[in-house]
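*Asks:* Residue-level listing of the chains:
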Amino acid sequence: MTTEVAPIVTRRLAAQEPWTLQSYLSDGGYGALRKALTMPRQEVMAEVDRANLLGRGGAGFPAGRKWSMLRKAEPVYLVVNGDESEPATFKDHLLIERDPHQIVEGTLITAYAIGAAQAFIYVRGEFALGLERMIQAVEDAYGHGVIGANIFGSGFSVDLVVHPGAGAYICGDETALLESLEGKRGFPRIKPPYYPAAIGLYGAPTVVNNVETMSNIPWIVLNGGDAFAALGTETATGTRMFAVAGRVNRPGAYEVELGKNTFRDLVYDPKLGGGVRDGRELKAFVPGGASSFWFGPERLDFSLDESKVKGEGGSMMGSGSVIVLDDTTCAVRAAWRLVRFFHKESCGQCTPCREGSGWLEKIMRRIESGHGRPQDLELLMDVCDNISPGVSWPSRWPPNMTTICPLGPSIPPPVVSSLGMFRDEYLVHVKEGGCPFG
Amino acid sequence: MARLTPENVQRARDTISLYPVARSALIPLLHMAQEQDGWLSEEAMVHVAELLELTPAEVYGTASFYDMLFTEPVGRYLVSICTNIACLLEGAYELLEHAASTLGVRPGSTTPDELFTLEEVECIADCGRAPCLAVNWRFFGDVTPDGFDRLVARLRAGELSDEVPPHGTLSRVRRTVGLPARAEGGRERR
Chain A
299 MTTEVAPIVT RRLAAQEPWT LQSYLSDGGY GALRKALTMP RQEVMAEVDR ANLLGRGGAG
359 FPAGRKWSML RKAEPVYLVV NGDESEPATF KDHLLIERDP HQIVEGTLIT AYAIGAAQAF
419 IYVRGEFALG LERMIQAVED AYGHGVIGAN IFGSGFSVDL VVHPGAGAYI CGDETALLES
479 LEGKRGFPRI KPPYYPAAIG LYGAPTVVNN VETMSNIPWI VLNGGDAFAA LGTETATGTR
539 MFAVAGRVNR PGAYEVELGK NTFRDLVYDP KLGGGVRDGR ELKAFVPGGA SSFWFGPERL
599 DFSLDESKVK GEGGSMMGSG SVIVLDDTTC AVRAAWRLVR FFHKESCGQC TPCREGSGWL
659 EKIMRRIESG HGRPQDLELL MDVCDNISPG VSWPSRWPPN MTTICPLGPS IPPPVVSSLG
719 MFRDEYLVHV KEGGCPFG
Chain B
164 MARLTPENVQ RARDTISLYP VARSALIPLL HMAQEQDGWL SEEAMVHVAE LLELTPAEVY
224 GTASFYDMLF TEPVGRYLVS ICTNIACLLE GAYELLEHAA STLGVRPGST TPDELFTLEE
284 VECIADCGRA PCLAVNWRFF GDVTPDGFDR LVARLRAGEL SDEVPPHGTL SRVRRTVGLP
344 ARAEGGRERR
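In the order they appear, the protein sequences are chains A and B. Okay, so the first sequence: first residue is 299 according to our numbering, each after it adds one. Okay, so the second sequence: first residue is 164 according to our numbering, each after it adds one.
Calculated directly from the structure, the hints in this document are not laboratory data. You can trust all of the hints, since none of them are fake.
A few chain B residues that face chain A, going by a derived Cβ cut-off under 8 Å, partial list only:
no.: 1; residue: Pro183
no.: 2; residue: Leu189
no.: 3; residue: Leu193
no.: 4; residue: Trp300
All residues carry an ideal CB built from backbone N, CA and C; glycine is no exception.
One chain only, chain B, in its complex shape:
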């Protein structure tokens, strides 16, 4: 829950170098901070502001607009259940109710063990497999109530840690091409 680590500062500088205007790297940097801590702490947002030469208010103003960016802690697993039209027609609200009872929390809240945050979301573009949900934005389709319980059990048992990284991790593939050349030790060769 803190400022970016030296490794992430380096990643942040690399990311900034990809854009003609530094501020364009703001959302990628916020994702990076969220990957580090699982959510966006004030210290992290202030650090991002420093890196981009923005005010903390500008950073918070952008962060607070977007659904995927959390300025409060969330569980290790963010369970996002779609209830929009295609899923609605396939029993999404019944699934959401079932999920709330299995996890013992209302949508929008986190289990006391900080493992799961349940949320109701808009269409996640997997309607061929309605009703569908995502856990840390890894998609699961044709989810039945029983299937949901099995999924939760497997997550609790740590059986899906390869498929589902901790909350905040979007792409595990990182850009390495077209970055500024560096000397050994990761220092910039200016």
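One chain only, chain A, in its complex shape:
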């Protein structure tokens, strides 16, 4: 049974026109900013540290720790990542369109805590309505006196610019996003330096946080980090939004308490996914976005705790997307489509990713279309091993890398998982010269 807790980031989404300043103010909006500005910066940071808020973008790095890693130099920048593009992930899209002021308030509080006088919200270019709502929110927030000079008479001043992307999955990677924000091609930066906290935007120390992460900040400031940490479990605090997609009765984005709930709750709870469509059987599910290793039905009772999903499960909750495949789904076709995505979105800097993704896509396509050869199964694993050395089934976390950014090791999971779980299905494709699912 899903635990019943009051939602945090989605609590206003069903309100009437929740994106307006009026609606936000009537729910106590910008009260958290007012409170934060009366606190010393270190205390705001300490509350977020106590909350143990793990980044909600995909990497799951503790937000408080990220802030405290900033190199001591002036200026520092804050960049909010709203470039949500991971296949079947659609939670930030909702937050941007329906509660932009919550993101703005979280951003302003964070800017105050880290001492940034300039913040950017990078919104995926395709989100036209989201951009309109976000820019309007900044206009109205400025008029209300919460952006600009000497906010609430505190002496703190900050500007906030909404920046549009232009269509590139790779810009969700924080260093590629910074390149894009600098007006360049979205090429992830060579490491080291490992963190933008040392060298980020324009070479200055920079915090990059996800939209959902920012949306949690006002609640944490108002209610305290301990109240947030009291939700969930010790290793998985608070709530999180999950986008449940694929063959379920109620695809949608749902906020649930972490740690105490399971993937089964997300898929089968009548208030959440509502079960597999048409009474079919669940064949497998992708637990954390296209880049994650797949789980079979025996893993449905895994709790929503990133440390367990990685440690015991060898996969990740990643972007918070759960894709349900039922027994009418062809595993080869599903995996092929994900590989094709990575091939298209590879930025082309690193050979294993650029070439490997193309080879995998071609081999998968020929198997699916009935032209595969028995030795192709070995060939697929060999190419995967060249992209992510040692990759195997059952999977282990984290995968090894041969590339600048994590897009490389994101390519093998759909191939290795589908081959590991449904090898027979591949063999039928090869032997019968076609897809048994038609």
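Based on these hints, arrange chain B on the given structure of chain A.
*Replies:* Chain B only, in chain A's frame:
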């Protein structure tokens, strides 16, 4: 199909003023040029380069990286059909095939009347309503083949011109706050 209009040059200068480093305004300026002409002409990109003190190659290098920026003309309506995993499971390829037959063009091409460009795209983050598509980045969900034909008919009849602005227009809300103060007539007060 030309350089930016005087009004857009002013908008461009305002946008540049928001950033600590001018080049950061490159993608917003390219969107602006695309809003003006529906696509990015060479003259527009050269003008953007002048405004940012970049070389035309630097501008083209960035423009050519991003899927939303077109350096060739596209139709008034860019129809972007998602075929990624969540939509695939709900018949996206069948929808794409149907769309190609309704519009009479292959994905990646434009109708002879220059009204529609059809393209297959990656996940557009509207998977709760799969299969989904966007027209000039305005989203439509749970699209059936019949629903697609009705949508096309309404676009042709101009019934959706409020909801769906011409290709290139992203945000119809423009930033007005925190810009450099100006005297009457839009001239900068330096």
